[in-house]
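Assemble chain D onto chain V, guided by the hints.
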Amino acid sequence: MIAHLPLASFAGAIEFIFSPQESNVTGGKEVGGFDKSMELLIKHLEVTAIALAIALLVALPLGLYLGHRGKGEQLAVGLGNAGRAVPELAVIALVAVLVGVGLQNVAPVLAILGIPPILNNAYVGVSQVDRATVDAARGIGMSETAIIRKVELPIAIPTVMGGIRSAAIAILATATIAPLAGVESLGDFIINRNVYGENGLLAGAILVALLALTIEGSLALLQRRLTSDGLKVKTA
Amino acid sequence: MGNPLVIAAVGEVGEGFIKERDVGDLCQAQAQHVFCLDWARENLDRFETPTVQHLQIVIPALVIGFVVAFALALLAHRIRWLQPPLLAATGILYTIPSIAFFFLLLPLTGLGRDTAIIVLSAYTLQIIYRNTILGLNNVPAAVKDAARGMGLTNRQILWKVELPLAIPEIIAGLRVAVVSTIAIATLAVLISAGGLGTQMYGSNLTFPTSIIIAAAIVMLMALAFDALLLLVQRLTTPWRRAVPA
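These protein sequence lines are chains V and D, in that order.
The opening residue of the first sequence carries number 1 in this note's numbering; numbering runs sequentially from there.
The opening residue of the second sequence carries number 1 in this note's numbering; numbering runs sequentially from there.
Among the hints, a few may not be true.
Unchecked claim - Example chain V residues on the side facing chain D (calculated, C-beta under 7 Å, incomplete):
1) Glu46
2) Gly70
3) Lys71
4) Gly72
5) Gly78
6) Pro87
7) Ala93
8) Leu94
9) Ile169
10) Ala205
11) Val208
12) Leu213
13) Leu219
14) Ala220
Hint data in this document are derived by calculation from the structure and do not stem from the laboratory.
No residue lacks a Cβ here, since even glycine has one placed at the ideal position from N, Cα and C.
The following block holds chain V by itself, in its conformation from the complex (with noise of 0.2 Å):
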């Protein structure tokens, strides 16, 4: 029952991921190469950016409001921790076979994945922003807004930052099961392994595995453009 793959088959995914090869399973048939996988790469990308700018859309000026006005902690961080416990593979299933298949059923509720952390961490960076420093904005007259914007804001950016992260992350990963809900991803290579074989198996989940990497050191970067000079003194 149990499979073993053996250690060359590493060779075999990459061979796979640069030049179409004949599957175990497909006999003969050529599967893979270089364009599938960044077509598939692209899909993922292009799945994963309009799920996190969903829940950019919704999540980010609720958490910085409620931050701001210092109420609604429990709905902010509550939703943080609950969203943690919703099995991922559950709500793929579930929309799949309730609501359909396709984009634009698949990709809300990806977002809805990358909502309780931006919503929490947005919420959490915000109010824990000195209440002196933006009594300080409001008193050289600064309006609400323009204390979100150009105080709490720029403040809170590691925090907030850093819930984008997660968000991309989660939204990232759970697209690599979207292809049981319709949606093209890096996941075919995976969850198709009767067209792709192991070796299609293997080389998903190391492009997978590298897209994670790679999108969480760019927005590690980014974050570190984003932070103020001031705040990157060490305060020891």
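Same frame as chain V, but now just chain D:
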């Protein structure tokens, strides 16, 4: 079905499940029913084995993850320069999506429970390690000085002063780790490791009632473990109020 991977992927629970579902006539056109109460009543016992399997993945993963992360944190607490590289290393493990991680391990550990346990415990390292270090670093220097002044050795300071004071942060980390591990363990079905994921996805998606019940059990399990840890924290730190996870 000549491919061992495909056969294995269906798994024992999944295979039987699909067969029985096809002949079930409790709710005709089940896909249209969001929740079929009759089926749920009749079939609740089929979730028993998957629940046990789920626990058999989650508990070892958490124990291993905790022991390794805790040991790494103690090591990095002594040897300070290890802190950033260990944080980066555990961060990489945390970033790799678990589905990808499962399959990356196939050539090394094969299908089944062991692989699931390894992946899930690797996944918990970052959260537990980071929070343990955070907790230890948050201990006020004055408290450590006082302990030293009372004649405690370094070892005594660590076990009797620093670690007890770090309990809230350590448990906050454990709570996050426990809850996400229980949720992610559903994906273990993809590498034939069983668990509640088998009731959501066999070799095909199952139907809503089964998915909802399985998801509910997962979330209840997460809630129960979370409450248990909160209780442990209350009991072990009578001098402090709970710190939100």
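A quick look at each hint next to the structure:
1. For the restraint placing Glu46(V) at the interface with chain D, the shortest Cβ-Cβ distance is roughly 17 Å, beyond the 7 Å limit, so the hint is violated.
2. The interface hint given for Gly70(V) is violated, since its Cβ lies 15 Å from the closest Cβ of chain D, which is over the 7 Å cut-off.
3. Taken as an interface hint, Lys71(V) does not check out: its beta carbon lies about 16 Å from the nearest beta carbon of chain D, beyond 7 Å.
4. A distance limit of 7 Å between C-beta atoms decides the matter here; for Gly72(V) the minimum to chain D is near 14 Å, and the interface restraint is violated.
5. Proximity of Gly78(V) to chain D is violated relative to the hint, the smallest CB-CB distance being about 9 Å (cut-off 7 Å).
6. This hint holds: Pro87(V) has a C-beta 4 Å from the nearest C-beta of chain D, less than the 7 Å allowed.
7. Interface hint status for Ala93(V): upheld, as the beta-carbon distance to the closest one in chain D is roughly 5 Å, under 7 Å.
8. Of the supplied interface hints, the one on Leu94(V) holds, with its beta-carbon coming within about 5 Å of a beta-carbon of chain D, less than 7 Å.
9. The beta carbon of Ile169(V) is positioned within 7 Å of a beta carbon in chain D (closest approach about 6 Å), and the interface hint is therefore held.
10. For Ala205(V), the shortest C-beta to C-beta distance to chain D is roughly 4 Å, which falls under 7 Å, so the interface hint holds.
11. The closest approach between the C-beta of Val208(V) and any C-beta of chain D is roughly 4 Å, which is under the 7 Å cut-off, so the hint is satisfied.
12. Residue-level restraint check for Leu213(V) holds (minimum Cβ-Cβ distance to chain D is 6 Å; threshold 7 Å).
13. With 7 Å as the threshold, the beta carbon of Leu219(V) stays out of range of chain D, its nearest partner Cβ sitting at about 10 Å, so the hint is violated.
14. Checking Ala220(V) against chain D: minimum C-beta separation of about 9 Å lies over 7 Å; hint violated.
Violated hints for the displayed structure, listed by number in ascending order: 1, 2, 3, 4, 5, 13 and 14.
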